[in-house]
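A.B. asks: Could you put together the complete structure from these sequences and hints?
Quick mapping for you: the protein sequence lines, in order, are chains A and B. Here the working numbering is used: the first residue of the first sequence is 1, the next is one more, and so on. Here the working numbering is used: the first residue of the second sequence is 1001, the next is one more, and so on.
Hint data in this document are derived by calculation from the structure and do not stem from the laboratory. Glycine included, C-beta positions come from ideal geometry on N, C-alpha and C. Incorrect hints may appear among the rest.
With beta-carbon atoms standing in for the labels, derived distance ranges [what the hints assert, rightly or not]:
1. E1012/B <-> E20/A: 31 to 39 Å
2. K7/A <-> D1078/B: 41 to 49 Å
3. D1055/B <-> G11/A: 29 to 37 Å
4. P1076/B <-> P90/A: 14 to 22 Å
Calculated from the model, a selection of chain A residues having no Cβ within reach of chain B, i.e. all distances over 10 Å [unchecked claim]:
5. E20
6. A68
7. D78
8. Q124
Pairs of lysine to any residue residues, derived as SDA-like cross-links and limited to a Cα-Cα distance of at most 20 Å, are as follows [to be verified]:
9. K54/A <-> R1062/B
10. K54/A <-> L1129/B
11. K48/A <-> P1076/B
12. K54/A <-> N1128/B
13. K1069/B <-> T56/A
14. K103/A <-> L1129/B
There are 2 protein chains.
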Amino acid sequence: MSTIFTKIINGEIPSYKVAEDEHFFAFLDINPNTRGHTLCVPKQEVNKLFDLDKDTYEGLMRFSYKVAKAIERSVPCDRIGMAVIGLEVPHVHVHLIPINEMKDMTFQHKTPVPAEEMKALAEQIQQNL
Amino acid sequence: MSTIFTKIINGEIPSYKVAEDEHFFAFLDINPNTRGHTLCVPKQEVNKLFDLDKDTYEGLMRFSYKVAKAIERSVPCDRIGMAVIGLEVPHVHVHLIPINEMKDMTFQHKTPVPAEEMKALAEQIQQNL
Chain A
1 MSTIFTKIIN GEIPSYKVAE DEHFFAFLDI NPNTRGHTLC VPKQEVNKLF
51 DLDKDTYEGL MRFSYKVAKA IERSVPCDRI GMAVIGLEVP HVHVHLIPIN
101 EMKDMTFQHK TPVPAEEMKA LAEQIQQNL
Chain B
1001 MSTIFTKIIN GEIPSYKVAE DEHFFAFLDI NPNTRGHTLC VPKQEVNKLF
1051 DLDKDTYEGL MRFSYKVAKA IERSVPCDRI GMAVIGLEVP HVHVHLIPIN
1101 EMKDMTFQHK TPVPAEEMKA LAEQIQQNL
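C.D. replies: Now the structure itself:
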């Protein structure tokens, strides 16, 4: 059975898409730590980051760099934090999170963002790629 | 004034060193979330991850992959988590953390590790590079 992220990549589940290329896909986290919290995912379904083959890992990190720069140009923040944890969805995902303080990185404080604003955010990040 | 990490890289402050090459340095976090928690640092002093030039960023990620694989071979865990936050020390550092549950990634639960065990851990990770 495919993961929820594969369903998002295939368009079976809607998402606020931010970027896509042949091997990777980025979209807004639906339960964001902060406004602009984005997930970068390889199209290949692999559970753990360091089980990715070296090329896919490096490609994912390059892709994440590009997306992070676009988020930085779109959302006022001190910096973009990065995290890869993956204990919930068994499909590698890089969290890119606009942060100002440590609590923005603990995944214990969430920021509800209305649908209209999610849409506008995704469009703005896309334009800043 | 140089950052605490530059002082560690230069040997002015002792550390449990794990790996080093021309551009990067890895050592055990002295206040670890879990046993084996390691920091990977570019020798170049840059505050924010996405302010690194592309080559240094990609080099740091390649270096971190190698170190993560060695930690994985040295410390029993579900997987190696990765985080880049950087709000405390203005010198890019990639956290590589052996994790089993979400609390291992929140930086709110620390695991004191005796000096002897830190030394043994660093040696074991080095050997598994």
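A.B. asks: Hint by hint, say whether it matches the structure.
C.D. replies: Results of checking the hints against the structure:
Between E1012/B and E20/A the Cβ separation comes to about 46 Å, which falls outside the hinted range of 31 to 39 Å. One distance hint, 41 to 49 Å for the beta-carbon pair K7/A and D1078/B, is violated here, with the actual separation near 24 Å. Between D1055/B and G11/A the beta carbon distance is about 35 Å. The supplied range of 29 to 37 Å therefore holds. The hint said 14 to 22 Å for the Cβ distance between P1076/B and P90/A, and at roughly 20 Å that hint holds.
With a closest Cβ-Cβ approach of about 20 Å to chain B, E20/A is found to remain outside the 10 Å limit, as its non-interface label requires. With a closest Cβ-Cβ approach of about 5 Å to chain B, A68/A is found to fall inside the 10 Å limit, against its non-interface label. The beta carbon of D78/A is not kept farther than 10 Å from every beta carbon of chain B, the shortest such distance being approximately 7 Å. Consistency note on Q124/A: stated as away from chain B, and its beta-carbon is indeed over 10 Å from all of that chain's, at 17 Å minimum.
With a C-alpha separation of about 8 Å, the suggested pairing of K54/A with R1062/B holds against the 20 Å cut-off. For the given pair, K54/A sits about 15 Å from L1129/B by alpha-carbon distance, which is consistent with the 20 Å threshold. As the CA atoms of K48/A and P1076/B are separated by approximately 15 Å, the hinted pair is consistent with the 20 Å bound. At roughly 17 Å between alpha-carbon atoms, K54/A and N1128/B fall within 20 Å of each other, so this suggested pair holds.
The straight-line distance between the Cα atoms of K1069/B and T56/A is roughly 15 Å, inside the 20 Å bound, and the hint therefore holds. Between K103/A and L1129/B the alpha-carbon distance is near 33 Å, which puts this suggested pair outside the 20 Å criterion.
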